[in-house]
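Residue numbers (our numbering), protein chains in the order written: chain Y, 1 to 321; chain G, 1 to 364; chain E, 1 to 288.
Rather than coming from a laboratory, the hints here were simulated on the basis of the structure. This structure is a prediction, so every number in the text was calculated from the model and none was measured. One or more of the hints may lead you astray.
In silico lysine to any residue, SDA-like type, Cα no more than 25 Å apart, as pairs [claimed, not checked]:
#  : chain 1 : residue 1 : chain 2 : residue 2
1  : E       : Lys42     : E       : Ile31
2  : Y       : Lys151    : E       : Leu35
3  : Y       : Lys151    : G       : Thr247
4  : E       : Lys104    : E       : Glu177
5  : G       : Lys198    : Y       : Asp71
6  : G       : Lys148    : Y       : Ser158
7  : Y       : Lys151    : E       : Ile31
8  : G       : Lys227    : G       : Ala210
9  : Y       : Lys70     : G       : Asp204
10 : G       : Lys320    : G       : Gln349
11 : G       : Lys108    : E       : Phe138
12 : Y       : Lys61     : G       : Glu101
13 : E       : Lys104    : Y       : Gly32
Between beta-carbon pairs, the in silico distance windows are [said to hold, decoys possible]:
#  : chain 1 : residue 1 : chain 2 : residue 2 : range
14 : Y       : Leu213    : E       : Arg16     : 13 to 21 Å
15 : G       : Gln200    : E       : Ser137    : 37 to 45 Å
16 : E       : Pro200    : Y       : Leu114    : 29 to 37 Å
Every residue, glycine too, gets a C-beta built ideally from N, C-alpha and C.
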Amino acid sequence: MEAGSLRLPPGGRSLDERSPASRAADPFFRWGLTVLATLVLALIAFFFIFLVSKAQPALSKFGLLGFVFKDNWDVSRNIYEAWSLVVGTIVTSVIALVLGVPVAVAAALYVTELCPARAKGALTILIDLLAAVPSVVYGLWGVFVLIPHLKPAEQWFSDTFSFLPFVGGSVAGPNVFIAGLILAIMILPIVSAISREVILTVPRDHKEAALALGATRWEMLRIAVLPYSRSGIVGASMLGLGRAIGETIAVTLVVGNAPNVPHQIFDQGYTLAAVIANEFGEAANNPLHVGALIAAGLVLFVLTLAVNAAARAIVNRTVPA
Amino acid sequence: MSIIRIAPALASVAALAVGVAACGSGDTGNSNSGSSNSSKSSTLSGAGSTFAAPVYSEWANQLKSQGITLNYQPVGSGAGIASLQKGTVNFAGSDPALAPEDKQGLTKGKAVQVPMFFGAITLSYNLPGVKQKLKIDGATAAGIFATKIKKWNDPAIAKLNPGVKLPATNITVVHRSDSSGTTKGFTTFLSDYSPSWKSQYGADKDIKWAAGTTGAKGNDGVAAAIKQTEGAIGYVEQAYALQNHFTFFDVKNAAGKYIAPTLASTTAAGDGLKVPADLGISTINSPNKAAYPIASQTFVDVYHDLCKAGMSQSVASGLKKFLTFGLGQGQSVAKQLQFATLPSSIQSQAMQAVDGLQCNGKTL
Amino acid sequence: MTALTAVSGRRRRTDRAARGVLLALTGVALIPLVLVVYYLLKRGLGAISWDFFTTDPTGSFLGDPGGIKSAILGTIEIVALATLIAVPVGVLVALYLVEFGRGKRFGNLVRYFVDVMTGVPSIVFGLFIYIVLVTSSFVGVGFAGWKGGVALALLMLPVVIRSGEVVLLLVPDGLREAALALGAPRWKVALRVVLPSALPGLITGSLLAIARAAGETAPLLFTSAYVLGTSFNLDGRMNSLPLQIFSDVGQAQDRLVQRAWGAALTLVALVLLLTLIARLFQRRNRYT
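Whole structure, please, built from the sequences with the hints as guidance.
This is how it looks when you write it as structure tokens:
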């Protein structure tokens with residue numbers, strides 16, 4: 001908090017006067033920073049425009065709607081219709097939300113409201129540490145630990161609950177459920193952290209009023225905390241969704257890499273991000289294939305953009321920036 | 001505070017460094033050539049076939065003492081050719097011969113394909129309970145890989161293996177998810193024996209596999225998938241199968257005999273081959289009586305004029321040394337890994353092609 | 001004080017059950033971390049040895065697979081380059097947003113676009129750099145470590161800008177006004193007053209961005225590529241820990257898989273260390 005190096009000469013007036021020399025530097029400083037900021041802006045704009053232009057060959061051949069909604073990703077015949085990829089992306093992300101959000105919100109509630117004060121710091125750091133594990137390590141762990149250990153349980157679940165929609169049939173090793181599970185673990189820290197902040201903004205009066213009226217702790221949470229923070233938690237979940245949609249490496253190692261629409265949760269699948277990682281190498285000299293992969297990246301970009309923008313709008317309403 | 005003073009300086013240093021690095025990499029296709037300091041050493045980069053990768057990596061080990069560093073990326077034949085087309089590597093490893101569309105994309109000059117050795121594509125499976133060697137033919141294999149045959153005790157398999165107790169386990173089909181020469185070889189074999197396979201799936205480096213099958217990257221990925229899944233079946237090059245102690249099928253060849261993949265049966269596949277002018281041979285489904293039907297050749301693809309394609313003189317001569325070694329001493333190294341060496345007629349034709357490699361018009 | 005409404009047994013039981021569920025779910029949230037660390041140690045420790053860190057991967061099919069020396073050095077080099085690019089640029093842009101861009105339309109536009117950039121999946125960055133820098137002849141075709149550094153810098157930039165902006169905004173305006181009142185020009189106020197005050201927070205934000213960049217695989221797949229040998233030439237291919245792990249994870253050989261676990265343990269240790277340092281630093285230097 002020291003104020004730099006402005007020193008007062010003994011008995012003198014001030015110091016770094018606005019002498020013409022130092023004042024002259026001001027406009028350059030401001031101008032320099034503005035140029036830098038503009039360059040960053042230009043870079044982002046270039047990035048977007050570039051992607052759109054490179055995706056042209058594929059988008060013009062199949063049409064944007066055809067690319068997204070038709071199901072035929074056939075590299076050997078040079079046909080790139082990405083519906084199975086879009087479905088795979090959505091399915092894995094939805095599974096991630098269904099599994100991850102309740103746990104994340106429960107953890108956030110516990111840490112902020114119910115936890116003894118001494119454990120709060122440690123618990124918070126531990127949950128946040130989940131975000132520090134790199135994606136490739138989650139993939140490694142998923143391939144050699146999750147998949148073999150969960151396969152018997154998955155098969156049992158598939159056999160016992162086959163009357164449920166999307167359940168039943170044989171269990172492939174890598175499948176969309178495992179991918180969704182790993183994504184759930186990966187979005188847990190971000191959903192939990194933001195939910196924590198949202199829950200902290202609940203005014204004490206609301207909570208104390210509920211308690212004063214005789215509510216139990218749980219009822220207080222149910223009546224005062226959750227309704228107030230509901231939209232913020234929705235926003236947090238959507239940020240998690242945005243992260244899940246874009247995740248590549250962990251997913252490609254455990255999802256099975258089959259460009260077919262999964263019919264049940266233990267089927268192999270494929271996502272937009274995974275297809276880019278797997279196929280860019282052999283696509284390099286085929287403009288249609290490259291265009292299709294970039295178009296997949298664009299769809300991914302637009303999806304995450306929309307989700308993140310909506311999420312931010314919701315969260316900013318609840319949590320003062 | 002010193003950090004604030006340093007920050008702009010750091011930024012300009014970083015920018016300068018990036019700028020210098022950018023200017024320095026004007027040498028297209030081989031940014032590694034500048035890193036060697038002696039004229040005798042050179043760094044080669046190649047990419048492609050995982051089928052041939054075990055041999056190339058052993059050759060690389062042996063050539064280190066001669067000052068040649070080889071960086072070979074096993075990314076599959078398709079990606080290898082794409083890299084060569086893009087100019088990010090010096091040579092591509094490709095199992096199938098160059099197709100017209102491949103040659104079209106190789107725009108930096110005339111392309112040369114040099115056959116290197118043969119290998120067996122085994123049909124490996126993971127059935128710990130079955131101790132006997134199983135037999136299979138092309139039509140049944142096509143049925144399995146098209147997921148028409150779903151269980152190991154299916155009558156089609158049982159018919160070929162009388163007296164063997166086959167379990168009722170589900171068959172998990174494992175195939176390549178990347179563009180692969182091994183896939184092309186295997187699907188060529190399947191197409192020869194199953195018209196329905198030929199019309200529905202065809203023979204290519206990358207096909208649209210049936211739903212419910214597992215895709216893995218590289219021969220090593222397929223091996224890993226087979227290893228981890230009981231009841232799995234997949235096509236892997238023999239070196240990988242042997243390394244992981246897989247069991248594999250005896251496959252019925254064109255002469256009607258059930259042949260196990262061995263050094264002898266793989267070599268037999270290369271006997272009496274007709275060699276076209278561009279050396280684009282194919283050993284799949286050889287008519288020889290003793291030949292293993294799913295034996296594949298593999299090539300190294302390079303440009304005829306290496307320097308015009310973007311390499312420096314030292315890298316070009318290093319590449320020639322590598323190829324000469326491979327066709328000479330390297331053949332015995334390949335044999336140790338259970339790859340079959342080239343028959344002498346093909347070997348001499350290959351050597352001729354390598355001897356003819358040029359640098360800016362002059363023979364190396 | 002008597003309660004206004006007596007708490008029935010049923011409500012008390014629901015309360016206890018609900019709180020139990022919340023506690024249990026919090027435990028569930030911690031299980032993955034425990035399991036990941038457990039397996040990393042169980043399967044990775046066996047690979048760790050002095051040789052592991054000091055030999056390059058050999059790529060040999062039959063013989064010794066080698067260690068991860070080139071991966072560690074490569075990660076350090078590439079991440080260092082990315083940091084050198086992203087941190088100064090990011091801090092300066094954050095400074096712009098706070099000093100000159102507050103409430104202005106242009107400032108809001110920049111802020112909005114930076115937010116957009118945060119949401120871009122890392123693989124899209126990698127693809128972009130691949131097409132612009134690796135396959136076009138703009139700067140020379142080929143994979144290069146510095147191109148990987150640029151891709152990672154793009155990833156780090158929005159994180160540094162955003163966290164930097166938050167931290168710089170926390171510096172009280174009173175400080176700025178005092179300095180201005182004493183006659184300092186704007187640029188001195190920014191560089192000599194605001195930045196030093198916000199330095200701890202800026203360092204924390206940068207450390208977190210570095211930790212994130214060190215673990216990224218997708219951008220490096222397309223830009224620096226996987227290579228065996230150690231190289232100090234940023235203009236050539238360069239190995240890195242995430243790429244080494246990604247390459248080894250799909251292998252069937254047990255030794256290679258074990259090397260993947262050892263490399264993963266090393267990477268996680270590195271990233272956790274950076275993250276913990278950043279968080280502890282943050283706690284010690286909290287403003288309010």
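Each hint, compared with the structure:
| no. | hint | result |
| --- | --- | --- |
| 1 | E:Lys42 x E:Ile31 | 16 Å, holds |
| 2 | Y:Lys151 x E:Leu35 | 17 Å, holds |
| 3 | Y:Lys151 x G:Thr247 | 23 Å, holds |
| 4 | E:Lys104 x E:Glu177 | 19 Å, holds |
| 5 | G:Lys198 x Y:Asp71 | 22 Å, holds |
| 6 | G:Lys148 x Y:Ser158 | 22 Å, holds |
| 7 | Y:Lys151 x E:Ile31 | 19 Å, holds |
| 8 | G:Lys227 x G:Ala210 | 21 Å, holds |
| 9 | Y:Lys70 x G:Asp204 | 23 Å, holds |
| 10 | G:Lys320 x G:Gln349 | 15 Å, holds |
| 11 | G:Lys108 x E:Phe138 | 17 Å, holds |
| 12 | Y:Lys61 x G:Glu101 | 20 Å, holds |
| 13 | E:Lys104 x Y:Gly32 | 17 Å, holds |
| 14 | Y:Leu213 x E:Arg16: 13 to 21 Å | 19 Å, holds |
| 15 | G:Gln200 x E:Ser137: 37 to 45 Å | 42 Å, holds |
| 16 | E:Pro200 x Y:Leu114: 29 to 37 Å | 32 Å, holds |
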